[in-house]
Amino acid sequence: MPTVLADEDDLTRAIIALASEYGRYGYRRVTALLQADGWQVGKDRVQRIWRREGLKVPSRHRPRSRLWLNDGSCVRLRPLRRNHVWSFDFVQAQTHDGRSLRILTLIDEHSRACLALKVARRINSLGVIEALADAMCLHGIPEHIRCDNGPEMISKALRKWVAKAGSQIQYITPGSPWENGYCESFNGKLRDECLRQEIFYSLKEAQAVIALWQNTYNRVRPHSSLGYRPPAPVSFPHLAFRLPMAGAMQ
85 MPTVLADEDD LTRAIIALAS EYGRYGYRRV TALLQADGWQ VGKDRVQRIW RREGLKVPSR
145 HRPRSRLWLN DGSCVRLRPL RRNHVWSFDF VQAQTHDGRS LRILTLIDEH SRACLALKVA
205 RRINSLGVIE ALADAMCLHG IPEHIRCDNG PEMISKALRK WVAKAGSQIQ YITPGSPWEN
265 GYCESFNGKL RDECLRQEIF YSLKEAQAVI ALWQNTYNRV RPHSSLGYRP PAPVSFPHLA
325 FRLPMAGAMQ
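When we follow the working numbering, the leftmost residue of the sequence shown carries the number 85, and every step to the right adds one.
One or more hints might be untrue.
Cut-off 25 Å, straight-line C-alpha distance, at most; resulting in silico cross-link-like pairs (DMTMM-like, lysine to aspartate or glutamate) [what the hints assert, rightly or not]:
no. : residue 1 : residue 2
1   : LYS244    : ASP218
2   : LYS244    : GLU289
3   : LYS127    : ASP94
4   : LYS240    : GLU227
5   : LYS288    : GLU227
6   : LYS273    : GLU236
Source of the hints: derived by calculation from the structure; they are not laboratory data.
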């Protein structure tokens with residue numbers, strides 16, 4: 085007869101509770117959460133209980149294509165340190181009444197931290213500048229900002245503001261979202277773990293729920309590329325620099 089450890093029932097309850105709270109996490113991320121909570125447990129034991137309890141393991145994503153620079157070089161601009169490369173993009177959602185929501189997502193490609201999730205009915209180039217300015221005040225100025233060629237991104241006001249702030253915009257090739265792979269991957273997690281799990285009855289509710297998910301992503305969610313640790317970004321609220329005013333770019 086197999087040996088049943090004394091803490092088997094407690095561990096099983098803890099695994100089920102975490103699987104229920106974080107429904108899109110697999111057993112590896114749940115193992116990391118258990119270890120962070122003080123459990124002395126390995127992934128093999130968690131996987132055994134996971135399978136015994138019939139818990140669902142999320143399906144694997146297909147490997148992404150290699151990323152390329154606009155000039156056709158096979159060596160892309162890879163993030164080497166925090167604030168080396170940020171990237172941003174837009175995600176679409178809607179409230180219960182069918183009205184559109186637009187979400188600006190901004191991440192640090194090296195730390196994987198989500199620096200901003202701006203939720204509004206509409207976001208123009210001024211809204212992008214405001215989100216970037218808020219993030220720069222907290223985290224510093226990045227050397228490069230990667231984005232696509234949408235109208236908000238290529239606006240003269242945004243390009244002038246970013247240059248005056250001391251950063252450089254790196255535009256991906258039109259129609260090539262895989263060149264913004266870090267942000268595309270993040271957007272998939274946002275959709276899978278938050279947007280497809282919630283019904284928003286108002287803009288305010290969407291902003292609150294998505295802000296809560298952002299905090300969970302940064303502070304709790306184990307990230308596989310970080311050794312199953314959360315990004316846990318560090319804020320720098322008293323940096324000695326001045327950002328250009330958005331109004332001055334008009």
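**Q.** Unmet hints by their number, sorted upward, for this structure
**A.** 2, 5
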